[in-house]
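Below, each chain spelled out in residue letters.
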Amino acid sequence: ETGVTQSPTHLIKTRGQQVTLRCSSQSGHNTVSWYQQALGQGPQFIFQYYREEENGRGNFPPRFSGLQFPNYSSELNVNALELDDSALYLCASSYRDPGGYGYTFGSGTRLTVV
Amino acid sequence: DAKTTQPPSMDCAEGRAANLPCNHSTISGNEYVYWYRQIHSQGPQYIIHGLKNNETNEMASLIITEDRKSSTLILPHATLRDTAVYYCIVRPSTGNQFYFGTGTSLTVIP
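Quick note, the sequences are listed as chains A and B, same order.
Take any residue in the first sequence, count from 1 to its spot, add 513: that is its number in this note's numbering.
Take any residue in the second sequence, count from 1 to its spot, add 20: that is its number in this note's numbering.
Worth flagging that the hints you see were computed from the coordinates, not collected in a lab.
Just so it is clear, CB atoms sit at the ideal spot from N, CA and C, and this is done for glycine as well.
Take the hints with a grain of salt, since some may be wrong.
[What the hints assert, rightly or not] Computed from the model, here is a short list of chain B residues facing chain A with C-beta under 10 Å:
hint, residue
1, 64
2, 117
3, 118
4, 119
5, 120
[Claimed, not checked] What follows is a set of in silico ranges between Cβ atoms, one per label pair, in the way DEER data are often shown:
hint, chain 1, residue 1, chain 2, residue 2, range
6, A, 592, B, 31, 40 to 48 Å
7, B, 127, A, 552, 12 to 20 Å
8, B, 41, A, 554, 17 to 25 Å
9, A, 552, B, 25, 18 to 26 Å
10, B, 86, A, 533, 47 to 55 Å
11, B, 41, A, 552, 20 to 28 Å
12, A, 541, B, 78, 20 to 28 Å
13, B, 37, A, 529, 47 to 55 Å
14, B, 76, A, 533, 38 to 46 Å
With the rest of the complex left out, here is chain A (with noise of 0.2 Å):
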């Protein structure tokens, strides 16, 4: 069994471009989340894909935008990058109703922004 797998580990952008952030989920899953993590704080929830439609969002802009394939794999996509977007962005997967064992996260990506 696989667990949940993220590319890149580290990225470092410019303010103003756009970034795409890659999420394999774990075997079995069908449900995909991301959270976004700045220093010191815990994970704020972005939004969640099921059957390739988003399935919930947090309080983040439009321009944080994602994908989920056939495969259940996903993007995070951002645009217009700002200053305040670095973080460790995380993907977490499960089934549709985990009511048992919630998510696994993978190690997530390290995003800076400068």
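Got chain A sorted already, so can you dock chain B onto it with the hints?
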């Protein structure tokens, strides 16, 4: 918004039990209590969860008070590798997001 309150930091001697408290006074009847931990530079790791009853697994025990307004995570024999930030989270059984607070930074001391 986070629905839990945890102390910002705790220390525990290696080999002793670590007892991490969490207040969730506004918890609803259908909300589970989850515990995750995050070791530096890694993603959060699932530890345990429960609804009403106390729970135990190979990693930890979860004690939930009868009124469900608070809980305690117990690591029975803490090791140095248990040094991490521990998050207590409540969420509905059908909800689609976790609200993380700032957690408790546990340091296990040799």
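Here is how each hint holds up against the structure:
no., hint, in the structure
1, 64, "holds, 5 Å"
2, 117, "holds, 4 Å"
3, 118, "holds, 7 Å"
4, 119, "holds, 7 Å"
5, 120, "holds, 3 Å"
6, 592(A) to 31(B): 40 to 48 Å, "holds, 44 Å"
7, 127(B) to 552(A): 12 to 20 Å, "holds, 19 Å"
8, 41(B) to 554(A): 17 to 25 Å, "holds, 21 Å"
9, 552(A) to 25(B): 18 to 26 Å, "holds, 22 Å"
10, 86(B) to 533(A): 47 to 55 Å, "holds, 49 Å"
11, 41(B) to 552(A): 20 to 28 Å, "holds, 25 Å"
12, 541(A) to 78(B): 20 to 28 Å, "holds, 21 Å"
13, 37(B) to 529(A): 47 to 55 Å, "holds, 51 Å"
14, 76(B) to 533(A): 38 to 46 Å, "holds, 42 Å"
Of the hints listed earlier, there is not a single one the structure fails to meet.
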